[in-house]
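Asker: Residue strings, one per chain:
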Amino acid sequence: MSEDPSAMPLQLTVNGEVRDLRAAPWVTLLDLLRETLQLTGSKKGCDHGQCGACTVLVDGRRVNSCLILALTRDGSEVTTIEGLAKDGALHPLQQAFIEHDALQCGYCTPGQICSAAGLLSEGQARCREEVRELMSGNLCRCGAYTHIVEAIETVRLSGAEAAA
Amino acid sequence: MNRFSYIRAETLDEALSAIALPGSALLAGGTNLVDLMKYDVAKPARLVDISRLPLRGIEALDDGGLRLGALAPNADTAYDARVQERAPLLASAILAGASAQLRNVATTGGNLLQRTRCAYFYDPCTPCNKREPGSGCPAIGGVNRMHAILGASEACIAVHPSDMCVALAALDARVNVQGPGGVRVIPIADFHRLPGEQPQIDSTLLAGEIITSVDVPADPFGPHHSYLKLRDRLSYAFALVSVAAALRLEDGIIAQARVALGGVAHKPWRDQEAEALLVGLPPGREAFDQAARAILAPAVGHGGNDFKIELARRAVVRALSQAAAGAPQSQSDKRVR
Amino acid sequence: MADGDMTIGKPISRIDGSKKVAGRALYAAEYDAPGLLHAAVVSSRIAKGKITAIDAIEALALPGVIAVLTHENRPRVAAFRYAYKDTVGPPGGPFKPLHDGKIRFADQPVAVVVGETLEAARDGAALVRITYEEEAFETDLDAAKAASFRPRLPRLGVKPAPKPRGDFDAAFAAAPIKIAAAYETAAQHHNAMELFATTVVWEGEDKITVYDKTQGSQNVQLYLKQALGFKLKNVRVVNAFVGGAFGSGLRPAHSAFLATLAAKHLKRSVRLVLTRAQMFSITYRADTRQEIALACDAEGRLLAVRHACVAATSRNEDQQETIVNWAGLAYACDNAAFDYQLARVDTPTPGDMRAPGAAVGVHVLECAMDELAYAAGIDPLDLRLRNWVEHDQNDDLPLTSKAQKACYAQAAERFGWSERSFGPRTMRDGHELIGWGVAGGVWDAFVAPVPTRARVTWRRDGRLEVAAAASDIGTGTYTILAQIAAEAFGVSVERVEVRLGDSTLPFNPVEGGSWMAASTGAAVAKACDKLKAALVKTARKQFKLRGKSALSVARGAVIGEALPGGAVSLNEILAAVGQDIAATGTNLPDLAGQRKHSSYVHSAVFAEVRVDEELGVIRVKRIVSAIAAGRILNPKTAGSQIIGGMVMGIGQALHEEAQTDHRFGKVMNHSFQDYHVPANADVGDIEVIFVQEHDPDVSSLGVKGVGEIGLVGVAPAIANAVFHATGKRIRSTPITIDKLLD
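Residue numbers (this note's numbering), protein chains in the order written: chain H, 1 to 164; chain W, 1 to 337; chain F, 1 to 742.
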């Protein structure tokens, strides 16, 4: 593919790896991840910030990557679902999602898990109801919500996220 | 998206000179602007990225008030201990809106300037006076469940979608702006405008001006406040009706009352005459109902949203009851108190 | 899990879970190819009329845009509608994308923009200027139903309205207690999380591999072959992972056609992804207008039942669902009448969406039973039990099983139904009125109507491979097929590798109607039996065993006293043979059995809602659903299927509604922002109970399928709970705040 002459340089640290990239101003972070970096774990479900499937962590905060123009995050650290597992071991949330069957088709799952990781580091959820509210930005059409909450609660109450 | 140029402003002065060029748009969090660009509703010739300007701070002012940097993310504001202590109504309203992800990115200034979520405005296949002045308002006579019941015009019945701004309106916030002519302060009540003949203009911010911060005056209401949001699903949805209510009680009598409504008009809706009806009365259903009826007296429905008149009336009564009881609505426990 | 353990019936975690949680499961838009181009669709601005001019100059001038395909310049495609028929479509002429300049529904695809990048295609699509000449159209079912009609040709696999029995009119007129009511159900959109997407990899020489979001790889393969003139063997369709579909992927989507058209035109690989808004113009669950009349005697025995429905369909096809039949099936009644009609609107053809027909038909029936219970002063659960029937009165056939009484009993017990007070508005907690509602659910226990195949291979690497062109759209198919094979060979599930979602694998019909577990599962079981026999035969040869010395396969070995050490592992046997050994199994529909009996899956659903008396805010506090679905292969994944159906049922009851502006003929809430599906906060406590049900006649594995039944009965249980809470009978879904304000 020929280089887009409108592309401008940007540097991102993606899943711990420094990447010197170029992107046109109208390229979103989500599309950069999926199309340029082939990190297709971050999903496109609406492309308008209305479903949460594209959730990634930027500088440790969960965000909708579909609404972020990639250039605006020059210099940032981005963690996607591909970067959550460490040394081949699944993140405690990933493990809990499998155990609690907190997924069905799996399409919203990476966004749910990245969102849950953000939720745990925010530390604002102290009970199930708060988890439910603060996870409501991630739609799941398969309807796995109750299992998603169980998976997150298991990790939250075990304090396992602190070690992760 | 149209093709546009992108520049990043490192200082406020750079931003001010960049925005002076026609066709420029400011990009802060981008949660609304990028969305509008993807729908080909907004087509700026150039984007001025102001997200790195040093306007993220939240400051506790000596007079007991707060200064919220224009670029403070909504989540930072809502979870800031000083905000939770000094303006809990504002913190609650922010948490009633959008999602955790969006609140991590959306900013104070962007929230003030977010545009309506009217489906016709968002759909370039239909007419819309806000998008294409003079083309018509199909929401009138169309799908208008979410639309305005107060202050609308024949040109536009869209509503302002913000939750945060409803609380800011109730708290008499002031918007600090800087422009080519220097700084000025816009009272929140004057910041957003009604559609009238020019629904394409949402606010009184002038071309070339940038919001730098929002001041929230000292809040004398203590625990007597509530933000009550009613919507078609229990989270992650815009308001059918929302109410920010605050009361100052002295010896069991209402000394001061604030009621702002969201989801009902082109701007957060305040009715100071109706608020004044409450002063001097003991808090209670009778007083609240009287005020609610006064607020909704001029309301007009458009078919699909007729029910919002009655819903808003009841929501005002309930929010005031919650405020009087010192039992603000929880944003995670969905049971209405 | 150790080799030799029983695996069927165990709550095994889904075997594709680790890929999905790590972001390593690839969906249709996630396959790369050298020189991949991107395509975007331009949608019609009008609902009906014709294109008068297309101006693509500006679009083509955008850097990176390389082609704009329209009906004017597209390559030659099949002209006749027959070529566009797929294996599951209804009677009529399918929509032919980019066929001509006629516009038949809003957001119809009218052009495809192909670019070097996703952004060039996306942004080029906004620059194609098309002018139209509009024609009058109708999208309002209430207006269209004046010209309703009975479908002339039945749809294969869908039962027409039953013949009347007894004398409804006389029985209804004479009955002491009766209700008659009109109900409305809104059009719903599937809105699976994954966008419709197709990646066509151009392999050269008119040969393509198509990664598509579909519920049936071979259905799409056949469609692309016919409509676009490929040789069947040159089209391979892959759908290894599908990000939900719920029926929207049963028929080939126009996106698959358009992506392949572009690839064929340019002889290059192309990826096309629809926008969320464009997905509202693929298909939808038809809106309906229904009338129901029930009558009973003082003891609650049903004397007369009548159920009539008018459902939307398109101008070009007669979509049909089984909507009114349930009223003649669920309860004992000798006087019954039915009517099922369609009305044409200018929309895409409606299609099946999770529990098609039953979702809206049983909803109305079960709400009406609640109405009758209150008219008769009988507990709603009791009324259902008093009209118990274990015979299919519609077809006059016995049922293979119906453990629904156990469903009612166990779910009622768990829910605490006996604590309920009968009268509406009699239970409250502060501002909130409490409502408890019940409904029964029923859905077909289908076995696929065509032969279903699977291949099982014992590989030299010591792994057992299961392969079938079936689809796992989140249903757990990978996992249950692994369990079936593991159990057959007495090995752990970890040793089984399942390959699905590829048209080159053994034949399977589309994944729909909850038939996959029973049908593909049986094919796998049969393949395993054949493979075991082949392995035993190989062992006999290898060890030169004669006569009838007994050999069997267990724990990954051939076992028999005549063998050295009494057992030889399959790996050793294969090592000696020097190749993998495979067998293919075929499951045939039991057509003779189908004439002898009927099979259904059943449920009992109990819901508690809290309704703010003044504000009309509804919260679903909890739902208990008990399911009788024969043998449950995996209670963990099956439980998730049920829960998923229940959540969609909450959406049906409270949220989901296509809001069409009939002046534009267009769904205005075509986004996740405005078309509400339940969010996490909307879903209260959910409990699923699987009741014991032994049914050897329904399918060879005793399996009935669980994909649809979880949804059926949920919306009426909620609606009935809303009535119990408020005393308001809301006869249209969704039940929104405005309907509860006085």
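No lab work stands behind these hints, which were simulated from the structure alone. C-beta: ideal position from N, C-alpha, C; glycine also. Wrong hints could be hidden among the right ones.
Covered by chain W, per the in silico footprint, the following chain F stretches (three or more residues, Cβ under 8 Å) [stated by the list, open to error]:
1) 343-356
2) 611-618
3) 732-738
Asker: Which of the stated hints cannot be reconciled with the structure, identified by number in ascending sequence?
Answerer: 1
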